[in-house]
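> Could you build the full structure based on these sequences and the hints that come with them?
Below, each chain spelled out in residue letters.
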Amino acid sequence: MLSSYSALSAVQVDALREIGNIGAGHASTAIAALTDWPIGMSVPSVDILSLPHFVEVMRCPEAEAVCIYLAVEGDAPGHALLVLPLDSALRMADRLLGRDAGQTTTLEELECSALMEFGNIVISSFLTALNEMTGLTLQATPPAFATDAAATILSSLAAMLVATGVIQEETLSIVTCIHQDTEKLEGFFLYIPEPMGLKRFLSALFGEG
Amino acid sequence: MQEKIVVGMGEVKLCRSENSLLIALGLGSCVGVCIYDPALCLAGMAHVVLPSSTGKEEEEDARYADIAVPLLIKRMQQEGSLRSGMRVALAGGGQIFKGFGAVTKLDIGPRNAEAVQKQLTTMGLPIVAADLGGNVGRTLLLYTNGTVAVRLPGAQERVLAYLGAVNRVEATLSSNQLLRKAA
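First to last, the protein sequences are chains A and B. In the working numbering, each number is its position in the first sequence, counted from 1, plus 747. In the working numbering, each number is its position in the second sequence, counted from 1, plus 927.
Honestly, the hints are just simulated from the structure, not real lab data. Any given hint might turn out to be false.
[Stated by the list, open to error] Sample of chain B residues with no beta-carbon within 10 Å of chain A, all distances over it, derived:
# : residue
1 : P997
2 : R1010
3 : P1037
4 : V1063
5 : G1064
6 : R1065
7 : G1081
8 : Q1083
[Claimed, not checked] Partner residues aside, some chain B positions facing chain A, computed with beta carbon under 10 Å:
#  : residue
9  : Q929
10 : V933
11 : G937
12 : E938
13 : L952
14 : L954
15 : G955
16 : G1021
17 : Q1022
18 : F1024
19 : K1025
20 : G1036
21 : N1039
22 : N1062
23 : T1066
[Said to hold, decoys possible] Only pairs whose alpha carbons sit at most 20 Å apart, straight line, appear in this in silico SDA-like list of lysine to any residue:
#  : chain 1 : residue 1 : chain 2 : residue 2
24 : B       : K1025     : A       : S860
25 : B       : K931      : A       : R806
26 : A       : K946      : A       : L796
27 : B       : K1025     : A       : A762
28 : B       : K931      : B       : S947
29 : B       : K1025     : A       : A910
30 : B       : K931      : B       : N946
31 : B       : K931      : A       : Q850
32 : A       : K931      : A       : L844
33 : A       : K931      : A       : C807
34 : B       : K931      : A       : P799
35 : A       : K931      : A       : Q850
36 : B       : K1025     : A       : K946
37 : B       : K1025     : A       : P832
38 : B       : K1025     : A       : P889
39 : B       : K1025     : A       : A861
40 : B       : K1001     : B       : T1049
Backbone N, C-alpha and C fix where the C-beta goes; we use that ideal spot for every residue, glycine too.
What follows is the structure in structure tokens.
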């Protein structure tokens, strides 16, 4: 039973980090293909946080950010988010819409829709990697979009997860930082497996329940 | 040096030391409840996540409006506050995700705002000021001098209410009355 995440063994945490690593690797490849930029990524961290501290998964909770969110259904339900700090999102919109650097200064309907589609593709490639690795079916629901302070986005999402019973006392998230060094862009990829989804992942990786 | 006390999701915190403030970072669908007692310079804040605890009767689970509001009032009373001296300001309850499906259907923000207001009315506390709804996140600050401020992403802090200063006379009166009662 995974009623408490702290019961996870070091090996299990390593396995989750590896899931994050491979997933984010695929996602970075997708970003590189879409933007024609080389993309780097950090080793994922597996964070177990109580609800009051959940927003601390982001380094700068008050900084403005753009977030694309997808709920994941199927064998291993979970929640995937791509969070881009505002500067990075604007620069990314430039690139996606074929504009010169710095031309996008606000996010109107067109920019939002481009970023949303971008997030959709990136998250889907993350899920495809997880599917290839574990054999579990993972279906993404249509994306939702938000721009606000990172803390606002995360707390609103967390409220929804508490309301639907996904988060009880604490939550586990796998966080990977992706970065593009020449343009100084960064983004954060978060995956929050539901307790049931986490169990399925671990069973698929370790061959038991 | 000003001490910032962060009130995280589902927390209730009090503070009365000078040069301190209570802060709830980036309230989206959550609602921040500030209660201030000018007579004691006592500040309290709850960071409400959901409207109702239906079925989950845990006395101190301050994630829910119906538990958090009475709990905050109780904690203030334990510190010597009278309900009649409490002044309230609210912020939050917005809708952040523009999207589809389950995300917006839940409608948590407006329901939180409504639940908190209802709970305060039930407990007989008038709301001095509120900044609720819309689709923007707010950082809420309550200083121990009673000033309540709201900060929107990328903007300057703006005062929502002075729960202390304006009614200093009234506060002095009520504390004098208290003294008289005590004597």
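> Against each hint, give a clear statement of whether it holds in the structure.
How the hints compare with the structure:
1. Interface exclusion of P997 (chain B) from chain A stands, the closest Cβ pair being 19 Å apart, more than 10 Å.
2. No Cβ of chain A comes within 10 Å of the Cβ of R1010 (chain B); the nearest lies about 26 Å off, and the non-interface call holds.
3. With a least beta-carbon separation of about 12 Å from chain A, P1037 (chain B) lies farther than 10 Å from that chain, consistent with its non-interface assignment.
4. Not every CB of chain A is more than 10 Å from the CB of V1063 (chain B) (nearest about 7 Å), against its label as outside the interface.
5. Listed as a non-interface residue, G1064 (chain B) fails to keep its Cβ farther than 10 Å from every Cβ of chain A; the least gap is roughly 3 Å.
6. The beta carbon of R1065 (chain B) is not kept farther than 10 Å from every beta carbon of chain A, the shortest such distance being approximately 8 Å.
7. The claim that G1081 (chain B) is not at the interface with chain A is violated, since a C-beta of that chain comes within 10 Å of its own (minimum 5 Å).
8. Here Q1083 (chain B) stays apart from chain A, with its beta-carbon at least about 13 Å from theirs, past the 10 Å limit.
9. Among the interface hints, the one on Q929 (chain B) is violated; its C-beta lies about 16 Å from the nearest C-beta in chain A, farther than the 10 Å criterion.
10. For V933 (chain B), the suggested interface contact is upheld, since its CB lies about 8 Å from the closest CB of chain A, less than 10 Å.
11. The interface hint given for G937 (chain B) is met, as the beta carbon of that residue sits about 5 Å from the closest beta carbon of chain A, less than 10 Å.
12. Among the interface hints, the one on E938 (chain B) holds; its C-beta lies about 5 Å from the nearest C-beta in chain A, closer than the 10 Å criterion.
13. Interface restraint check for L952 (chain B): the shortest CB-CB distance to chain A comes to about 4 Å, inside 10 Å, so the restraint holds.
14. Of the supplied interface hints, the one on L954 (chain B) holds, with its beta-carbon coming within about 7 Å of a beta-carbon of chain A, less than 10 Å.
15. The beta carbon of G955 (chain B) is positioned within 10 Å of a beta carbon in chain A (closest approach about 3 Å), and the interface hint is therefore held.
16. A hinted interface residue such as G1021 (chain B) counts as satisfied when its beta carbon comes closer than 10 Å to some beta carbon of chain A; here the least separation is about 8 Å, so the hint holds.
17. Given the 10 Å rule on beta carbons, the hint for Q1022 (chain B) holds: about 8 Å separates it from the nearest Cβ of chain A.
18. Because the beta carbon of F1024 (chain B) sits about 4 Å from the nearest beta carbon in chain A, less than 10 Å, this interface hint is met.
19. The beta carbon of K1025 (chain B) comes within 5 Å of a beta carbon in chain A, closer than 10 Å, and the hint placing it at the interface holds.
20. For the restraint placing G1036 (chain B) at the interface with chain A, the shortest Cβ-Cβ distance is roughly 7 Å, inside the 10 Å limit, so the hint holds.
21. The interface hint given for N1039 (chain B) holds, since its Cβ lies 8 Å from the closest Cβ of chain A, which is under the 10 Å cut-off.
22. About 8 Å separates the beta-carbon of N1062 (chain B) from the nearest beta-carbon of chain A, less than 10 Å, and the hint is met.
23. At its closest, the beta carbon of T1066 (chain B) sits 6 Å from a beta carbon of chain A; the interface hint therefore holds under the 10 Å criterion.
24. Our distance criterion of 20 Å between C-alpha atoms is met by K1025 (chain B) and S860 (chain A), whose separation comes to about 11 Å.
25. Distance restraint check for K931 (chain B) and R806 (chain A): the Cα-Cα separation of roughly 17 Å lies within the 20 Å cut-off, and the hinted pair is therefore satisfied.
26. With a CA separation close to 18 Å, the supplied pair K946 (chain A) and L796 (chain A) stays within the 20 Å bound.
27. Proximity of K1025 (chain B) to A762 (chain A) is assessed by CA-CA distance (about 34 Å); at most 20 Å being required, the pair is judged violated.
28. As the CA atoms of K931 (chain B) and S947 (chain B) are separated by approximately 6 Å, the hinted pair is consistent with the 20 Å bound.
29. At roughly 18 Å between alpha-carbon atoms, K1025 (chain B) and A910 (chain A) fall within 20 Å of each other, so this suggested pair holds.
30. Taking the CA atoms of K931 (chain B) and N946 (chain B), the gap is near 9 Å; set against the 20 Å cutoff, the hint holds.
31. Of the supplied pair hints, the one linking K931 (chain B) and Q850 (chain A) is violated, its CA atoms being roughly 38 Å apart against a limit of 20 Å.
32. Distance check on the hinted pair: K931 (chain A) and L844 (chain A) sit about 19 Å apart at the alpha-carbon level, within 20 Å; holds.
33. At roughly 16 Å between alpha-carbon atoms, K931 (chain A) and C807 (chain A) fall within 20 Å of each other, so this suggested pair holds.
34. Taking the CA atoms of K931 (chain B) and P799 (chain A), the gap is about 15 Å. The hint holds against a cut of 20 Å.
35. At roughly 16 Å between alpha-carbon atoms, K931 (chain A) and Q850 (chain A) fall within 20 Å of each other, so this suggested pair holds.
36. Between the alpha carbons of K1025 (chain B) and K946 (chain A) the distance comes to roughly 31 Å, so the proposed pair goes past 20 Å and is violated.
37. A C-alpha spacing of about 18 Å is found between K1025 (chain B) and P832 (chain A), which places the hinted pair at or below 20 Å, so the restraint holds.
38. Straight-line distance between C-alpha atoms of K1025 (chain B) and P889 (chain A) comes to about 12 Å, which keeps the hinted pair within the 20 Å bound.
39. Between K1025 (chain B) and A861 (chain A) the CA atoms are separated by roughly 14 Å; this keeps the pair inside 20 Å, and the hint holds.
40. Our distance criterion of 20 Å between C-alpha atoms is met by K1001 (chain B) and T1049 (chain B), whose separation comes to about 14 Å.
The structure fails hints 4, 5, 6, 7, 9, 27, 31 and 36 (numbered hints given earlier, in ascending order).
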